[in-house]
Every structure is written in C-alpha cells, then in structure tokens.
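Student: Please take these sequences and the hints and turn them into a complete structure.
Just so you know, the protein sequences line up as chains A and B, in that order. If you're matching positions, the first sequence starts at 1 in my numbering and goes up one per residue. If you're matching positions, the second sequence starts at 1001 in my numbering and goes up one per residue.
Heads up, a few of these hints could be off.
To be verified - With a straight-line Cα cutoff of 20 Å, these simulated EDC-like cross-link-like pairs (lysine to aspartate or glutamate) come out: (1) 1280/B x 211/A; (2) 104/A x 152/A; (3) 1280/B x 239/A; (4) 1273/B x 239/A; (5) 1273/B x 207/A; (6) 1127/B x 222/A; (7) 280/A x 1128/B; (8) 1002/B x 1043/B; (9) 127/A x 1272/B; (10) 280/A x 261/A.
Honestly, the hints are just simulated from the structure, not real lab data. This one's a predicted model, so the numbers in the text were calculated from it and none came from an experiment.
Number of protein chains: 2
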Amino acid sequence: MKDLSELRLGIAGLGLIGGSLASALRGYFKEIYAWDIDPGVLEKGLDMGISFISCETAEEFANSCDVILLAVPLRYMEEISKTLRPLFKDSPPVAVMDVGSTKKEIGEIMISIWGSAYIGLHPMAGKEYSGIEQASRSLFQDARCAVVSGKETDPQVIEMALKIVSSIGSMPVFLDPEEHDSIVASVSHIPIMVASALAYVSGEQMESHPDLSCMVAGGFSDTTRLASGPAWLLADMWDTNSGNMGKLLDRLIDTLRTFREASPEVIEEMAEKARLSREKILSQRIQSD
Amino acid sequence: MKDLSELRLGIAGLGLIGGSLASALRGYFKEIYAWDIDPGVLEKGLDMGISFISCETAEEFANSCDVILLAVPLRYMEEISKTLRPLFKDSPPVAVMDVGSTKKEIGEIMISIWGSAYIGLHPMAGKEYSGIEQASRSLFQDARCAVVSGKETDPQVIEMALKIVSSIGSMPVFLDPEEHDSIVASVSHIPIMVASALAYVSGEQMESHPDLSCMVAGGFSDTTRLASGPAWLLADMWDTNSGNMGKLLDRLIDTLRTFREASPEVIEEMAEKARLSREKILSQRIQSD
Chain A
1 MKDLSELRLG IAGLGLIGGS LASALRGYFK EIYAWDIDPG VLEKGLDMGI
51 SFISCETAEE FANSCDVILL AVPLRYMEEI SKTLRPLFKD SPPVAVMDVG
101 STKKEIGEIM ISIWGSAYIG LHPMAGKEYS GIEQASRSLF QDARCAVVSG
151 KETDPQVIEM ALKIVSSIGS MPVFLDPEEH DSIVASVSHI PIMVASALAY
201 VSGEQMESHP DLSCMVAGGF SDTTRLASGP AWLLADMWDT NSGNMGKLLD
251 RLIDTLRTFR EASPEVIEEM AEKARLSREK ILSQRIQSD
Chain B
1001 MKDLSELRLG IAGLGLIGGS LASALRGYFK EIYAWDIDPG VLEKGLDMGI
1051 SFISCETAEE FANSCDVILL AVPLRYMEEI SKTLRPLFKD SPPVAVMDVG
1101 STKKEIGEIM ISIWGSAYIG LHPMAGKEYS GIEQASRSLF QDARCAVVSG
1151 KETDPQVIEM ALKIVSSIGS MPVFLDPEEH DSIVASVSHI PIMVASALAY
1201 VSGEQMESHP DLSCMVAGGF SDTTRLASGP AWLLADMWDT NSGNMGKLLD
1251 RLIDTLRTFR EASPEVIEEM AEKARLSREK ILSQRIQSD
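Tutor: Right, dumping it as structure tokens:
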C-alpha cells in the first residue's frame, strides 16, 4: 500500500469537521484538495491559514485526488457520491471515507456506489458552534473515532483509515454499522434531541418570564449546549437513525413520566442510579483512553 | 445598620455552597463560625485552609453568631431553624438567610420561624460535583444571586443581604418567591431532571452495549453534567417545587413526543427554533452582565 505522503487527499465539505480534518492532516498527504458548494467557505478556510488547494468543480476535485473524505451533511452524501463516481473514469479512488453521524443506511448507499473502496469514519468530537470558523487542528486530539468497515471493505482501505485516524490524533473504535448507529443514538443523537427539546421549552417559557435569562447559569448552558449545533444535523440523524433513536426516545419519555408521578423518595433513588450510571460511563471512558 | 465587619456570621452546612461562602466571605465579617452535622466536614474545611471557627453544637453556634446563613439541604431547613430559634433567647439574630434552591414553601416556613429577619438568597452557581472538597472562593464570582424578600422583610436585612451578595462577587436579581420558583424550574430544576433521565437511560443502554462508554465524548458529558449532583438535591426540588416543575415537564414530554412523530423537515424547523431560543436566552444573559 502506498504511504499517505504519496497520495493526494480530497475533502468534500469544509465545515467544522472538514476544515478541522484539513488542518489536522496537514503534512501527511502529498497534497490536500478541498471542494465545497459554497466557494466563500473555501476562501474563508484559506484566509484562516488552513492549507489546501481549492477546487471549483466536481471534475477538478475528482481529477485531483486519490483518497476522498466526504465531510458533507448526510443528506448530500448520495448525490455527491453519484456526481463524483463517474468522474473517476477507469478506476475508483484508492479510498473513500465519510465522516457522517450514522452509518447503516448511508453505508449501504456508499458501498453500492464506491464498492470495496468505501469505509466509514466517525470522529467523536465537536464544538458548541459549527462552520469553518470553528475549525481547529486539535479538534480530534485524544478523541475516539469509530471505524466502520464491512465484509467487502478492501483491507488496504482499512489500513489507510487507521493511518488517518492516527494522524489526526484519535483512537479507533471498530464497530459494525448496526452497533455504531445504536451506540451513537445513545451518546450523541438523543442527547442532541433532548438538549433541543429543553431549549425549545425554555424559549416558550421566556415569553412569559422575561427575567429567566438573568438567572441562567452554567447548568442550563451545559445541558442545552448541543442545541446550538446546526438544525440540519438533528434532522439528518433522525432521517437515517430513527429506529434506534425512537426506541431510546420512548425509554426517555417513560423515564420522565416515571419522574412525573414519583414521590421525592423515588426521585432520589432514580437520581442516585442515574448519577452512578454517568460516573460508570465516564470512568470507563477515561480508563480505556 | 451595623457594618458586616462588626457582626459574627454563622454558616450552617459546610458543603460546596456553605464552604464556598465561608471562603468568599473571609475578611468581611468580624468572625465566621461554621456548624455541620458531620464534624468530619468541618475538619476537612479547616484542612483545606478555609478560615472559620468550628461549632460542635447548635447552642454554641447560636451563641456565637449575629447573622445566620443556612446552607443545608432544603429538607433540613425547618428542623434546623426550629432547633436554633429558641436558643436565641431574648432577641432573634440580626438576619437569617437560606441559600436553598426553592423559595415559596421554605420561605413561608422560614418567615413563620424567623419573622422579619429572614430573607432568601439563591446564588446561581454550582459545580459538577458537590461537597466541601469542591468549595471555591471564586464560585460566586460574576454569578447572579436571586434575592427573595417579602413584605415583612426588615429593610436592614435586605441591605445586609445585598452587602453579602456583593461581597461574594455576585449580582442581585430581585424576585418574588413565586417568580423565583417558576424561573428556576426552567433554568435549573428541569435541566437537572432531564440530565438525570438521560444518564438513567444511558446506564440501561450500556448493559446491552458495553462499547458505549468508548464512544462517549463532550456532548454526552455536558448534557448529563447535572446528573452528577447529589440525588437529594433533585428530590428536594421536586418536594418543594413540583407544581412548576410538573408543568414544564409536561411541556418537555409533549415536545419530545412531537419530535417522536415528526418528519425530518419538522425536526429541522423545531431544532432551528430551539437553537435560536438558546442563543436568545444566553445572549441576554451576557448583555445584562
């Protein structure tokens, strides 16, 4: 297998994740190309000092790169892949990776288009706000990155994915698509939905209680932090992972209803169990680092 | 009115809040006394370098102080007040303040015991973990602190409360008990309950998905941060503010059910509305600082 330094990388979509990948992968590839439907985003990236060569068209992008990283919203993955694939005339790219938040549905589509060159990545890192302005070289440092391959994935593509994961400072977690989508529903998608619902209700509440914002502190800010992400992200998660999310959402609604009917004593027991669960989940995260 | 420096302060309950108050108020009062049902906590506070005089009994505490700050869990406020009040033989203390999370129910009890000397305070500050070990001199710096007085409150007591709020570096927000409890249900109590429910469900989920903890990142950690507070806190909030909390909880459950049944398009509209609500709530907080 060729070394990364012999290959040209193409990043499609230069938002928080794509821009951070371009920053973090500087120096690892022969060249880095970037393409975005909004040319202003590419300009902004260059102004920020992120090092890449701008592509104006899909043709230019496809002709320039050996490895593709798709960092566009899930809803555009299929369309962009279908646009790009025919532009690689004789041979597909060496590897095609997406960094989307769900893997089962999208993975099947990607495999149908890209075959054994496709592998899914999902770096578990983000920020309060999205967009190229927030991109950071260190975003993925010490983060976990899911590596989602299938039976058909070329072993050399898996090897390349691991080199990229290591280059951005992340640690790989191997998951099959079903397990990936089930786990991220719990650690990421439902937390976003809950943060969003809480911010939604608080917004309504503020209409009748204008002093509410004066009393807001770190607790509210932390609990709703994920509600400041882009609205399309939650919509795309729901669109492609509603099975797993729905099951968890039902359990969450049931738990909140149990709280609703509970005595203070029962609330205390449940809150203690929840406290211990959080400690267990977070402590195992730290131990496994 | 006497200056704080002429008065002896007594703090009952030396946890995160009581300990931080003792630290932050150092040098403002003639002397600071502290009393806790757990003598180990007082020792720990002294070991940490927090400056106060330990009281072993309620009698010693009552005989030592002119101003009382009650920083015990809500469930002990009444009992402790009823123990202390008769120990002030001829005259009640100059001022009695509690720093509990709800004000209506407790306020009425406090007024029945302490009369015009009582005023409620509620500093909007906390930490991920509780207990004296977490106490910090700067906990209240730049925080808001609700000042909840009634018609019967002695104006000199209000003045003293404001001096204390200013001494700990906080800014006062005047609220009546009903408005206070309604607002904190939204910015604090329901966020704690939601964080707790989410940690609860994730704990169940981890039983069938042991890899879950490997994939946990900042989003889950932030959204559930409040679940690591003491379980009694949520129980006491529910015990004394279930009216306001229940109404909001119903709206939150309704919102989550709407999400459950929604198309990705509707999810996106709602998530965008939630995003804007959060920005509005937080931006007004910053502007009013």
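Student: Taking the hints in turn, state whether each one holds.
Tutor: These are the hints, each one checked on the structure:
1. For the given pair, residue 1280/B sits about 12 Å from residue 211/A by alpha-carbon distance, which is consistent with the 20 Å threshold.
2. At most 20 Å may separate the alpha-carbon atoms for a hinted pair to count; residue 104/A and residue 152/A meet this at roughly 14 Å.
3. Restraint check: the Cα-Cα separation between residue 1280/B and residue 239/A comes to about 28 Å, which exceeds 20 Å; the hinted pair is violated.
4. A threshold of 20 Å between alpha carbons decides the hint, and for residue 1273/B with residue 239/A the separation of about 19 Å falls inside it, so the pair holds.
5. Pair hint residue 1273/B plus residue 207/A holds up; C-alpha atoms about 14 Å apart against a cutoff of 20 Å.
6. Proximity of residue 1127/B to residue 222/A is assessed by CA-CA distance (about 11 Å); at most 20 Å being required, the pair is judged to hold.
7. A C-alpha spacing of about 15 Å is found between residue 280/A and residue 1128/B, which places the hinted pair at or below 20 Å, so the restraint holds.
8. With a C-alpha separation of about 31 Å, the suggested pair residue 1002/B and residue 1043/B falls outside the 20 Å cut-off, and the hint is violated.
9. This hinted pair checks out: residue 127/A and residue 1272/B have alpha carbons roughly 17 Å apart, not beyond 20 Å.
10. Between residue 280/A and residue 261/A the alpha-carbon distance is near 27 Å, which puts this suggested pair outside the 20 Å criterion.
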